[in-house]
Every structure is written in C-alpha cells, then in structure tokens.
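Engineer: Below are the chains, spelled out letter by letter.
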Amino acid sequence: MDKKILIVDDEAHIRMLIEQTLEELEDEGVEFLTADNGASALEIIQEEKPNLVFLDVMMPKMNGMDVCQKVKKELSLSDVFIIVLTAKGQELDRQRGQEVGADVYMTKPFDPEVLLDKARQVLGIA
Amino acid sequence: MSLPTLKSLLGKKSEVTAWLQSFLEMTKAEISVEDNQHNLLFGSAPNPSQTFPVTLENETVGWVNGDERASIVARLLSIMIQKDSEKKRLGTEVLNSYQELNVIFNFSEKLAQTIEPNVIAQLTLEQAIHSIPSHSGVIALWDNEHAQLSIPASSGEKLFNEELLRNNAELLLKIGLSGNSEIMNDLSVLKEKNIIAGDVQSLVYAAMKVKHRIMGAVILAGKNQEQYSAAHLKLLVTLALQSSSAIESALLYEKNIREAKEREEAILRIHMVTQKFVPHEFIHSLGKEVLTDVKLGDQVEKIVTVLFSDIRNYTTLSERMTPEENFNFVSSFNMRMGPIIRKHHGFINQYLGDAIMAIFPNQAADGLAAAVEMQKAVQDFNKERQSNNQSTIQIGVGMHTGSLIMGITGDENRLDATTISDTVNTASRLESLTKYYKASIILSDETFRQLQHTEKFHLRNLGKVQVKGKLAPVGIYECFSGNKKEEIDKKEKTLFAFNKGMSEYLNKLFADAIDSFNEVIHSHPEDLTAQFFIDKAARYIHDGVPAEWVGVEEMLNK
Numbered sequence: 079m080d081k082k083i084l085i086v087d088d089e090a091h092i093r094m095l096i097e098q099t100l101e102e103l104e105d106e107g108v109e110f111l112t113a114d115n116g117a118s119a120l121e122i123i124q125e126e127k128p129n130l131v132f133l134d135v136m137m138p139k140m141n142g143m144d145v146c147q148k149v150k151k152e153l154s155l156s157d158v159f160i161i162v163l164t165a166k167g168q169e170l171d172r173q174r175g176q177e178v179g180a181d182v183y184m185t186k187p188f189d190p191e192v193l194l195d196k197a198r199q200v201l202g203i204a
Numbered sequence: 002m003s004l005p006t007l008k009s010l011l012g013k014k015s016e017v018t019a020w021l022q023s024f025l026e027m028t029k030a031e032i033s034v035e036d037n038q039h040n041l042l043f044g045s046a047p048n049p050s051q052t053f054p055v056t057l058e059n060e061t062v063g064w065v066n067g068d069e070r071a072s073i074v075a076r077l078l079s080i081m082i083q084k085d086s087e088k089k090r091l092g093t094e095v096l097n098s099y100q101e102l103n104v105i106f107n108f109s110e111k112l113a114q115t116i117e118p119n120v121i122a123q124l125t126l127e128q129a130i131h132s133i134p135s136h137s138g139v140i141a142l143w144d145n146e147h148a149q150l151s152i153p154a155s156s157g158e159k160l161f162n163e164e165l166l167r168n169n170a171e172l173l174l175k176i177g178l179s180g181n182s183e184i185m186n187d188l189s190v191l192k193e194k195n196i197i198a199g200d201v202q203s204l205v206y207a208a209m210k211v212k213h214r215i216m217g218a219v220i221l222a223g224k225n226q227e228q229y230s231a232a233h234l235k236l237l238v239t240l241a242l243q244s245s246s247a248i249e250s251a252l253l254y255e256k257n258i259r260e261a262k263e264r265e266e267a268i269l270r271i272h273m274v275t276q277k278f279v280p281h282e283f284i285h286s287l288g289k290e291v292l293t294d295v296k297l298g299d300q301v302e303k304i305v306t307v308l309f310s311d312i313r314n315y316t317t318l319s320e321r322m323t324p325e326e327n328f329n330f331v332s333s334f335n336m337r338m339g340p341i342i343r344k345h346h347g348f349i350n351q352y353l354g355d356a357i358m359a360i361f362p363n364q365a366a367d368g369l370a371a372a373v374e375m376q377k378a379v380q381d382f383n384k385e386r387q388s389n390n391q392s393t394i395q396i397g398v399g400m401h402t403g404s405l406i407m408g409i410t411g412d413e414n415r416l417d418a419t420t421i422s423d424t425v426n427t428a429s430r431l432e433s434l435t436k437y438y439k440a441s442i443i444l445s446d447e448t449f450r451q452l453q454h455t456e457k458f459h460l461r462n463l464g465k466v467q468v469k470g471k472l473a474p475v476g477i478y479e480c481f482s483g484n485k486k487e488e489i490d491k492k493e494k495t496l497f498a499f500n501k502g503m504s505e506y507l508n509k510l511f512a513d514a515i516d517s518f519n520e521v522i523h524s525h526p527e528d529l530t531a532q533f534f535i536d537k538a539a540r541y542i543h544d545g546v547p548a549e550w551v552g553v554e555e556m557l558n559k
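Here the protein sequences come in this chain order: A and B.
Under this note's numbering, the letters of the first sequence match residues 79 to 204, in that order.
Under this note's numbering, the letters of the second sequence match residues 2 to 559, in that order.
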C-alpha cells in the first residue's frame with residue numbers, strides 16, 4: 079500500500095520546508111498531503127489514514143495538541159504516527175505532548191537530517 | 002535536487018490531470034501524453050496526426066500526440082513543468098538556508114556549554130568539516146604571550162605539515178592570518194614550502210578575530226578543484242566569528258581564575274604571617290577571625306593566667322657576648338620555650354628581650370605545667386651549654402591569675418596589640434621574687450586556688466607579700482616540680498617540717514620557726530628558701546615586729 083505523509087502547519091513556508099526536506103521520499107513514491115489548520119487536518123486523517131503526520135502545535139481554530147488528543151485518545155487511530163512540532167524552549171509542551179499521546183516531540187528550527195531519518199524510520203523505508 | 006518529471010506532473014489527484022480531463026471532454030479531442038520513453042501517461046490517441054515535445058530547459062521530457070490542438074497542450078505542459086522546476090529550485094535554496102540556520106543555532110548551543118579554548122577549537126573544526134565537506138582541516142591560534150602559533154585542533158587526512166605550519170607563522174600571517182577570509186586556489190607557495198601536501202587543490206580559510214585582533218584561522222583543504230563555493234566561505238566565516246568570541250571569553254575566564262587564585266594565595270600568605278606577629282588566640286579573643294578585621298579600640302576582658310619568665314643575671318651574661326652571640330642565644334632560648342607554651346594551650350603575648358610573657362586563657366594548670374616544662378627544658382639547655390663550655394643559665398617564672406584586658410591601642414596609623422592589667426604587673430613582680438626567695442617558680446594564691454588538682458604539682462606555701470603598687474597582699478606559693486630530681490625528692494621529704502615552720506613564722510612564733518626550718522636544712526642543706534626564712538625570723542626576733550604584722554613581706558623594689 080502506498081505510504082502517505084500529512085504535513086500540518088498554518089505557515090506556508092514551514093510546510094514547504096518540510097516537503098522540501100522529505101523531497102526524496104516523494105520521488106520514491108510517498109504521497110504528500112497538507113493542511114493549514116487543525117480541523118481540516120482531522121478530516122484528512124480520518125479519510126486518508128496517513129502513516130505519518132507532522133503536526134504543528136500553534137495553529138488557529140484547533141491547535142495541534144487537541145488534534146493529537148482526538149486522533150490518539152478519542153478515535154484511537156494508533157497506526158497514525160504523530161510528530162508534534164513546536165518552537166524551541168517550551169518544556170511544558172513536551173509534557174502535554176506526552177499526555178495527548180504524541181509519538182515524537184520535535185522543536186523548531188528542526189534539523190533537516192534528523193527529520194528525514196525519522197520519517198524513513200517510521201515509514202519503514204531505508 | 003531531482004528535476005520534476007512529466008509523470009509526477011500528471012500524477013493522480015494532480016490538478017493538471019483534472020484540467021486536461023475537462024479540456025478533452027470540452028473539445029472532444031483525442032490526445033495522449035507520453036514520457037520520453039514513449040510510455041503512456043494520460044489519455045489516448047489511436048491515430049495521432051502530429052506529435053509535439055514537452056521540454057524542460059531544452060531537454061525533451063515527453064510527448065503529446067494528437068491533432069494540431071496537441072501543440073497547445075505540449076506548450077502548456079512545458080510551461081507548467083518549468084514552473085514546477087523553478088519552485089523546486091527555490092525550495093532547495095530555502096532548505097539550504099534553513100539548514101545553515103540550524104547549523105549556526107546548534108553550534109551556538111554547543112559553544113555555550115564549554116569554557117575551554119581547546120574544546121571550542123575542536124568543536125568548531127568538527128562543525129566546519131561536517132558542513133563544508135573537506136579532506137582535511139586545522140585550526141591555528143596565535144598565542145600572543147609566547148609569540149607562537151599553536152594548533153589546538155586538526156582533522157581528516159594528514160594534508161598539513163603541522164610542524165612547518167607552526168614555524169612559518171610569519172608566512173601564514175602574511176597570506177592568511179591578515180584578517181581576510183578567502184578561497185585559495187593558487188597554492189604554489191605553500192606547496193613549495195611543504196606546508197601542505199601536493200594533492201591539495203583548494204583551500205578555504207576564515208580569520209578568527211575579536212575586535213581588530215587576529216586570533217588565528219580555520220583552514221580547510223580539499224583535493225578537488227572548485228571544491229569550495231562562496232556559500233561555503235560565508236558559512237566558514239560565520240563559524241569562525243562565533244568561535245572567536247567564545248575562545249576569547251574562555252581565555253579571559255581562565256585568566257580570571259588564575260589571577261583570582263593568585264590573589265587568594267597572597268592573602269592567605271599574609272594571614273599566615275600576621276598570625277605569627279599577633280597570635281591568633283589574641284585576635285580570636287576579640288571576637289575576630291583575622292588581623293584585618295581588627296580595629297582601634299577593640300577590646301575584651303578575660304580571666305587568664307599570666308606567666309612571666311626571665312633569665313637571671315642576663316645583663317652580666319650578655320656583657321660577655323658579642324651582639325651576634327647575644328642574638329643567637331636569645332633566639333635559641335626562645336625557640337625552645339615557644340613550643341612549650343603553645344603545647345600547654347597558651348600563647349606568647351610578647352618576647353621582651355630575655356623575658357617572655359605568655360597568656361593561658363583556659364586553665365591555670367596549663368600555665369603551671371608549662372612553667373615546669375620550661376624549667377626542665379632549661380636543664381637540658383644547660384647540659385648542652387656545658388658540653389660547649391658555655392656557662393649555664395637560670396630562669397625565674399612568676400604566675401598570677403586575674404582579669405586582663407586585651408585590646409588594640411595606639412592611634413589611627415599605628416596600632417598595637419596590648420594587654421593592660423594589674424594581673425600582668427603582679428605576675429611580673431612575682432617573677433622578680435623568684436631570686437629573692439630562691440624559688441624557681443612562684444605562683445600567686447589566686448593561681449593556686451584555680452588549680453583543680455594541686456596534688457599533680459609539688460607546692461610550698463611561702464607566705465604573703467606586699468607587691469609594690471598593689472593594695473592587698475598576695476599569697477605566694479613555690480612550685481618545685483621543675484627542679485632537679487634530687488631537689489624535688491629532698492623538698493618532698495622536708496615538706497612537713499617546712500610547712501610547720503611557715504605556720505609558726507606567720508604566727509610570729511619565730512624561735513619555733515627557726516627550729517623547724519633548721520630541721521629542713523639538716524636534711525636538705527641546699528634549701529635556700531628555708532635559709533631565707535631562718536634569716537628573716539632571726540631578724541624579727543632581734544628587731545621585733547609590729548602588733549598588726551600578719552606575715553606580709555614588704556617588697557621595696559621590683
């Protein structure tokens with residue numbers, strides 16, 4: 079089955095950066111989906127069941143933590159691997175991230191090499 | 002960066018595909034799109050009349066087959082794929098910038114965690130080589146203090162001859178450490194001098210500077226031509242600047258620590274020395290820790306035992322010596338006495354020529370034990386002197402217990418640690434009595450009273466004296482524990498008779514007293530104290546005594 083990655087961030091340049099970082103995966107056949115707010119992210123997750131989601135925390139309408147909570151705790155979609163992204167230095171978020179069931183917690187600015195490695199690891203593509 | 006393909010452009014869910022679909026439905030045209038291997042990507046055109054290429058940067062990436070309308074599709078697809086390509090290129094550039102930012106961010110974090118210059122240099126080189134692929138790299142730092150080049154970090158293949166690098170500091174200073182940062186491709190001079198290996202094709206270096214001072218440089222070497230770009234240089238310069246200020250801070254920090262330590266050691270030395278001039282116990286009694294805390298007017302009153310010792314007939318003795326011999330004699334004497342006093346929890350308040358004034362703040366017994374040991378030490382001292390054909394000495398020790406004021410007197414610019422009290426005078430006068438009564442150690446009745454275990458010492462009551470300047474008479478005792486063994490034994494044996502004699506003497510029973518003292522002399526002919534009282538008693542028999550006489554001896558002079 080085709081692998082899918084969902085990138086959720088209200089800032090367009092971040093979405094583009096993450097896409098660009100993972101570009102080689104796209105060439106290897108991974109499908110990229112994007113969303114710029116929490117509500118549509120939830121819809122896409124329920125419909126497309128992506129393997130990996132990059133979830134920004136600070137977003138209008140519905141923030142990343144709430145999305146994660148819904149997906150992991152309420153909908154129990156355990157096959158969706160969620161990486162939560164937030165600005166550096168917010169330790170409180172790390173705790174909250176654990177509470178809502180996030181799989182990995184990453185800070186921005188992220189290290190592109192690390193991001194790519196993680197994605198490969200999660201998707202099981204060497 | 003890989004170029005976009007026609008296949009990806011027409012991937013499922015692509016809006017291009019949706020548009021093409023509606024275009025074909027609207028125009029009812031038969032059009033097919035193939036990649037450059039002629040694999041069908043979209044549509045169908047069983048009998049195409051024409052075929053048009055889709056191009057990206059002058060390369061054909063696919064074909065559109067159909068009628069003349071196919072040309073429009075081909076043109077449009079070319080434009081779209083061109084736009085895609087530009088977008089990707091931009092994206093790659095942005096990612097590169099983002100990565101650079103990330104590098105600098107992480108590097109700053111790493112730098113913030115260390116304060117050692119060598120570690121900073123190593124981290125810097127590590128980061129530089131990681132971000133700017135090179136075959137080899139070094140960091141050279143200029144040590145101003147020792148006027149030499151040091152190489153705290155090197156990495157990769159051995160393409161630099163570090164020895165020559167160090168020795169050719171001037172050459173390097175001219176070429177590279179001039180404060181500039183450059184990519185160098187003409188390496189002939191360096192290769193001539195064998196500073197770098199022959200297969201190095203390009204160098205990039207960045208100066209490390211703080212303000213206008215050149216600290217050194219980061220130098221990377223590559224075996225490929227055109228290995229380094231302007232972007233690489235920019236990154237290297239950034240890393241170099243960051244590490245320069247970190248190293249500068251680290252060096253300053255080291256310097257600060259060193260200087261602080263030296264200052265501390267100097268202060269400690271001063272404190273240790275001042276303790277030798279003003280005893281620590283004195284300062285401590287004033288409630289202060291160190292001499293520098295003390296000020297004019299500080300004082301404390303305490304009950305202590307004061308001990309005075311003096312060398313008998315020192316004046317006569319010193320006349321026979323040269324000034325140097327004198328000095329050596331007194332020094333030698335004091336060196337023996339000092340430790341004894343300290344051993345018994347006392348401290349030396351003053352060395353006054355041949356006299357010593359010591360204070361025992363704790364127990365009277367401490368002082369008396371010290372006095373006894375001092376007398377024994379004099380005996381040993383004398384044995385030595387005799388073997389050197391020198392005359393022997395004798396000391397007298399006087400002790401009194403009472404209150405004492407210790408304080409800092411003087412004026413603003415000249416302070417002195419002083420003891421002021423009557424107790425001191427009394428002790429001093431008692432010491433002078435020792436030659437009079439022919440006793441080696443005399444203590445006052447107050448001191449006697451303070452002794453908790455009088456049985457530990459050999460004591461004889463010597464009556465009372467009227468010390469010059471004091472109102473009340475002072476009772477005195479002799480301690481003979483410090484005498485030679487034979488003397489101690491004899492005085493012990495005759496103690497009963499002696500005490501009897503004293504009692505009779507104080508009760509004006511002078512004839513009986515003389516008899517008792519004669520008994521003492523009979524067993525111990527050398528007991529000069531007994532003889533002294535015999536003479537006194539005889540005189541009183543002859544001259545008579547006033548009715549109110551209670552046995553107090555008048556001391557007319559010190």
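Don't read these hints as lab results, they were simulated from the structure.
Quantities reported herein were computed from a predicted structural model and do not represent experimental measurements.
Careful: at least some of the hints might be erroneous.
[As the list claims (entries may be wrong)] Below are the BS3-like pairs computed for lysine-lysine, each with C-alpha atoms no more than 27 Å apart in a straight line:
no., chain 1, residue 1, chain 2, residue 2
1, B, K88, A, K186
2, B, K8, A, K82
3, B, K8, A, K186
4, B, K88, A, K82
5, B, K111, A, K81
6, B, K88, A, K148
Engineer: Now look at each hint and say whether the structure bears it out.
Structural biologist: To see whether the hints hold, each was checked on the structure:
1. B:K88 with A:K186: holds, 23 Å
2. B:K8 with A:K82: Status holds; Cα separation ~18 Å.
3. B:K8 with A:K186: violated, 34 Å
4. B:K88 with A:K82: It holds: about 22 Å lies between the C-alpha atoms, which stays within 27 Å.
5. B:K111 with A:K81: At roughly 36 Å apart (the allowed maximum being 27 Å), K81 of chain A and K111 of chain B break the hint.
6. B:K88 with A:K148: Given pair K88 of chain B, K148 of chain A is violated - Cα atoms ~35 Å apart, limit 27 Å.
Hint compliance for this structure: hints 3, 5 and 6 are broken, all remaining hints hold.
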